[in-house]
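Those protein sequences? They're chains E and R, same order as listed.
All residue numbers for the first sequence refer to this note's numbering, where the first residue is 7 and numbers rise by one.
All residue numbers for the second sequence refer to this note's numbering, where the first residue is 11 and numbers rise by one.
Worth double-checking, as some hints may not be accurate.
[Claimed, not checked] Here are the computed lysine-lysine pairs in the DSBU-like style, where the Cα-Cα straight-line distance is at most 30 Å: (1) R:409 / R:440; (2) E:30 / E:11; (3) E:11 / R:257; (4) R:69 / E:88; (5) E:88 / R:242; (6) R:422 / R:191; (7) E:88 / R:329; (8) E:11 / R:69; (9) R:257 / E:88; (10) E:11 / E:70.
[What the hints assert, rightly or not] Derived, one-sided and incomplete: chain R residues facing chain E with beta-carbon distance under 8 Å: (11) 77; (12) 266; (13) 269.
[To be verified] Away from chain E, derived, C-beta distances all over 12 Å, residues of chain R: (14) 76; (15) 120; (16) 207; (17) 365; (18) 390.
Source of the hints: derived by calculation from the structure; they are not laboratory data.
We put the beta carbon where it would ideally sit given N, CA and C, even for glycine.
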Amino acid sequence: MDAQKAIISIIGVDKVGIIYSVSKLLAEANINILDISQTILRDIFTMIMIVDISNSTVEFNILKENLNSLGEKMGLKIDIQKEDIFRAMHRL
Amino acid sequence: MRFAFDEIEETIRMVQAEKLDIRTITMGISLRDCVSDNVETLSNKVYDKITKKAKNLVKVANDLESEFGIPIVNKRISVTPIAVISESAKSAEDFIKIAKTLDAAAKEVGVNFIGGYSALVHKGFTDGDLRLINSIPEALSSTERVCSSINVATTKAGINMDAVALMGKIIKKTAELTKDKDGIGAAKLVVFCNAPEDNPFMAGAFHGVGEGECVINIGVSGPGVVLAALSKLDSKADFGQVSEIIKKTSFKIARAGELIGRIAAERLNSSFGILDLSLAPTPEIGDSIANILEAMGLSKCGAHGTTAALALLNDAVKKGGVMASSYVGGLSGAFIPVSEDAGMISAVEAGALSIEKLEAMTCVCSVGLDMIAIPGDTPAETISAIIADEMAIGMINKKTTAVRIIPVPGKKEGDHVEFGGLLGHAPVMKVNNFSADTFIKRGGRIPAPLHSLNN
Chain E
7 MDAQKAIISI IGVDKVGIIY SVSKLLAEAN INILDISQTI LRDIFTMIMI VDISNSTVEF
67 NILKENLNSL GEKMGLKIDI QKEDIFRAMH RL
Chain R
11 MRFAFDEIEE TIRMVQAEKL DIRTITMGIS LRDCVSDNVE TLSNKVYDKI TKKAKNLVKV
71 ANDLESEFGI PIVNKRISVT PIAVISESAK SAEDFIKIAK TLDAAAKEVG VNFIGGYSAL
131 VHKGFTDGDL RLINSIPEAL SSTERVCSSI NVATTKAGIN MDAVALMGKI IKKTAELTKD
191 KDGIGAAKLV VFCNAPEDNP FMAGAFHGVG EGECVINIGV SGPGVVLAAL SKLDSKADFG
251 QVSEIIKKTS FKIARAGELI GRIAAERLNS SFGILDLSLA PTPEIGDSIA NILEAMGLSK
311 CGAHGTTAAL ALLNDAVKKG GVMASSYVGG LSGAFIPVSE DAGMISAVEA GALSIEKLEA
371 MTCVCSVGLD MIAIPGDTPA ETISAIIADE MAIGMINKKT TAVRIIPVPG KKEGDHVEFG
431 GLLGHAPVMK VNNFSADTFI KRGGRIPAPL HSLNN
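Only chain E is shown next, with the shape it has when bound in the complex (with noise of 0.2 Å):
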């Protein structure tokens, strides 16, 4: 099977333990983080994953879910898209 990326962002003020959390959850999901960067954009810190979903155990909305509750605990905001999107917009 082809792999099918999904894009998660990560929005909020940085603390220890972000990385873990969500890595966590997405190993007990069986999904692969393909790339990982960050920064800081106006104070915010900001992180953005790449993930192969295609070997997911969890649905994608259950996953979303999951993902949203995270960050609600957290004090973050986090968000799963898929990457055709991100195709459609900024590639021809």
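Following the hints, position chain R against chain E.
Then chain R, alone, in the frame of chain E:
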């Protein structure tokens, strides 16, 4: 393929901060196979077909919203103009029954509006057309989700002035029958010149007779995104640069819409129809067409220069979008509804924007006089005259124009009216009080214009 951090951040920012959305996903459904001379049979067939075809529409739209992270604001249905399929319905009761059937079907599948309680009478009425038009006030006041549109003029046929005269009365009656809700019935009724068959936007959406069996049309929107892009531009940037940045933004918006439209069509087992590139405002701050025009350097929308600014905006949006999608259609341009646009509302309240200026603006953009509240005691003939002017602009300029105007019962100029939700709120605008009675009462048809000797 790798994405730059900036690209990912830009898309997320467009959605989260600048209110980029897919404004509407509209499933067009042909009802031509539902024709019957028995209204009971016809209604049952209509209900069955709509609820079968659109069963998964809302679910698929919600899934896509979640997967791609772009909100899909409205899920709607358009159907074959009801006048076309119900010519044999003989009484007002029959038509009301069909309207209620549409309403029930829309409710069953969970869409907020269903368009197509419509007739095309630009050249003349059939008996059925007339029966449908006369039933509009009751149909719109006794249903919640049904929208109606009547095409009264085209560039090739001219203007059916009998229909124009009649629609003035129908709009007034519709508003009166919904006077407990500030005449909101009239907000679900549009009068068109050159109505497009594939427009996904309400209240004017219908599934034209040249369309396929079941089609997904997408309306993208993004005034907030365009405004944000323009705001970053230096105040000394020239119009070439202004146009360029609108084009680039419009391209990205349209690509997002095209992707979602194609996937939606596939999942709903229908064909992908068109992408409508319109910039449609909402009453939210920062999602306004008026503010975009102001960002070009006007102190208030409605000031001299507004028409030129709107012409540039409209053209740049089309140029950017046409490169992004091969199936662009519908109305494609900037909408300038008053009640749905915070900047327009503010411009009217400040005295910068009048109906006359709005009329001039409709010469260079899509649609026309849209969501304008006028005094409840405005005579039907005056409303017809406003329609006639707008139809003439569409007819002569070979473009679509429309009138969606609400004579608010019991309200006068300067009062305020609240429609709620996406329909917003509006100041009641001044109407020219000099009579056009004799003009409107002539009736007949204004002949189609000559297509040469353009000047």
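Verification of the hints:
no.: 1; hint: R:409 / R:440; in the structure: 26 Å, holds
no.: 2; hint: E:30 / E:11; in the structure: 18 Å, holds
no.: 3; hint: E:11 / R:257; in the structure: 29 Å, holds
no.: 4; hint: R:69 / E:88; in the structure: 18 Å, holds
no.: 5; hint: E:88 / R:242; in the structure: 28 Å, holds
no.: 6; hint: R:422 / R:191; in the structure: 16 Å, holds
no.: 7; hint: E:88 / R:329; in the structure: 28 Å, holds
no.: 8; hint: E:11 / R:69; in the structure: 23 Å, holds
no.: 9; hint: R:257 / E:88; in the structure: 25 Å, holds
no.: 10; hint: E:11 / E:70; in the structure: 14 Å, holds
no.: 11; hint: 77; in the structure: 5 Å, holds
no.: 12; hint: 266; in the structure: 5 Å, holds
no.: 13; hint: 269; in the structure: 4 Å, holds
no.: 14; hint: 76; in the structure: 5 Å, violated
no.: 15; hint: 120; in the structure: 18 Å, holds
no.: 16; hint: 207; in the structure: 27 Å, holds
no.: 17; hint: 365; in the structure: 38 Å, holds
no.: 18; hint: 390; in the structure: 48 Å, holds
The structure fails to meet hint 14 from the earlier list, while all remaining hints are met.
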